[in-house]
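Using the sequences provided together with the hints, build the complete structure.
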Amino acid sequence: MGKSKFSIRGLNAEDFPPVPVLSENMTKIKSAEFAKALKRASTAASFEDANPVQRAVLIDFTDMPVAVATDSKRLAIAEMTLTVPEEIKKQFIVPIKAANDVSAMITGSDAFEFGTFKEQLVFKKDNITLVSRAIDGRFPDYKRVLPKDSPNTVKFMRKELSQAIKSVTPIARDKSNLVHFDFSHDSVKIWANNDLQNKAETEIDCKFDGVPLNIAFNAGFISKFLDVVGTDEILLKMSSPSYPGVFESVGDDEKAIYILMPMTY
Numbered sequence: 003m004g005k006s007k008f009s010i011r012g013l014n015a016e017d018f019p020p021v022p023v024l025s026e027n028m029t030k031i032k033s034a035e036f037a038k039a040l041k042r043a044s045t046a047a048s049f050e051d052a053n054p055v056q057r058a059v060l061i062d063f064t065d066m067p068v069a070v071a072t073d074s075k076r077l078a079i080a081e082m083t084l085t086v087p088e089e090i091k092k093q094f095i096v097p098i099k100a101a102n103d104v105s106a107m108i109t110g111s112d113a114f115e116f117g118t119f120k121e122q123l124v125f126k127k128d129n130i131t132l133v134s135r136a137i138d139g140r141f142p143d144y145k146r147v148l149p150k151d152s153p154n155t156v157k158f159m160r161k162e163l164s165q166a167i168k169s170v171t172p173i174a175r176d177k178s179n180l181v182h183f184d185f186s187h188d189s190v191k192i193w194a195n196n197d198l199q200n201k202a203e204t205e206i207d208c209k210f211d212g213v214p215l216n217i218a219f220n221a222g223f224i225s226k227f228l229d230v231v232g233t234d235e236i237l238l239k240m241s242s243p244s245y246p247g248v249f250e251s252v253g254d255d256e257k258a259i260y261i262l263m264p265m266t267y
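Heads up: the sequence shown begins at 3 in my numbering, then just goes up one per residue.
Just so you know, these hints were derived from the structure itself, not from any lab. For every residue, glycine included, the Cβ atom is placed at its ideal position computed from N, Cα and C. Each statement offered as a hint is correct.
25 Å max Cα-Cα, derived BS3-like pairs, lysine-lysine:
no., residue 1, residue 2
1, LYS75, LYS257
2, LYS157, LYS191
3, LYS209, LYS239
4, LYS126, LYS99
5, LYS191, LYS226
6, LYS75, LYS161
7, LYS177, LYS191
8, LYS168, LYS226
9, LYS257, LYS226
10, LYS177, LYS75
11, LYS127, LYS30
12, LYS191, LYS161
13, LYS226, LYS239
14, LYS120, LYS91
FRET-style restraints, in silico, Cβ to Cβ:
no., residue 1, residue 2, range
15, TYR245, GLY222, 19 to 27 Å
16, LYS209, PHE49, 30 to 38 Å
17, PHE18, THR109, 25 to 33 Å
18, GLY212, GLU88, 40 to 48 Å
Printed below as a string of structure tokens:
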């Protein structure tokens with residue numbers, strides 16, 4: 003084996019960001035609930051060039067603890083049944099990459115510690131500490147986005163809905179992933195077509211209460227939510243084909259809410 007030699011220029015250690023001085027009053031938080039909320043909320047965050055707030059997850063401890071994310075086309079709210087002390091009953095905006103790293107770090111553990119250091123957020127599990135800058139921005143008032151009137155409701159079995167959507171998605175228009183939903187009282191026809199006059203459709207049972215309607219959504223957006231929500235049943239609330247649909251987990255102590263703008267066709 004030949005000889006190798008590398009010459010690598012280092013950086014001044016004084017230029018490295020200061021290591022946070024951790025506060026003694028770090029708050030202990032249950033890992034399972036927090037990690038689940040981050041995974042559910044992050045499905046609505048943007049990974050593309052966008053407003054920093056849209057590439058982030060809001061952790062809101064001011065009232066009922068929730069994790070929230072939005073890219074303006076969809077909004078996810080993941081509830082947590084946590085009790086937090088008064089000193090951290092605030093809002094924190096975490097970059098999406100850091101949120102995903104925290105979720106991966108704490109998954110499988112019983113609890114982790116959370117605190118702040120200047121403009122940074124500190125997450126500590128055992129001997130691992132993750133420090134992230136807090137995004138300085140104004141997160142949209144997600145409570146105002148929730149539709150107040152949704153006269154049409156439908157219940158699906160989550161796995162059946164997920165499989166049906168994935169079965170027709172390959173035929174959907176390349177970029178839009180547009181999939182149609184035609185609701186009747188005991189079933190929904192899910193179909194997609196494209197510019198080449200190809201079409202795929204499937205039909206599944208559902209429990210529909212309302213006036214039969216037709217609406218279209220981005221199939222990829224729905225699939226991401228269904229993949230992480232975990233419950234057996236899903237509830238969809240709608241008012242009309244031109245207003246947002248509200249997907250909710252059913253039978254879950256920590257409810258997941260997914261608000262999705264419909265698509266035009």
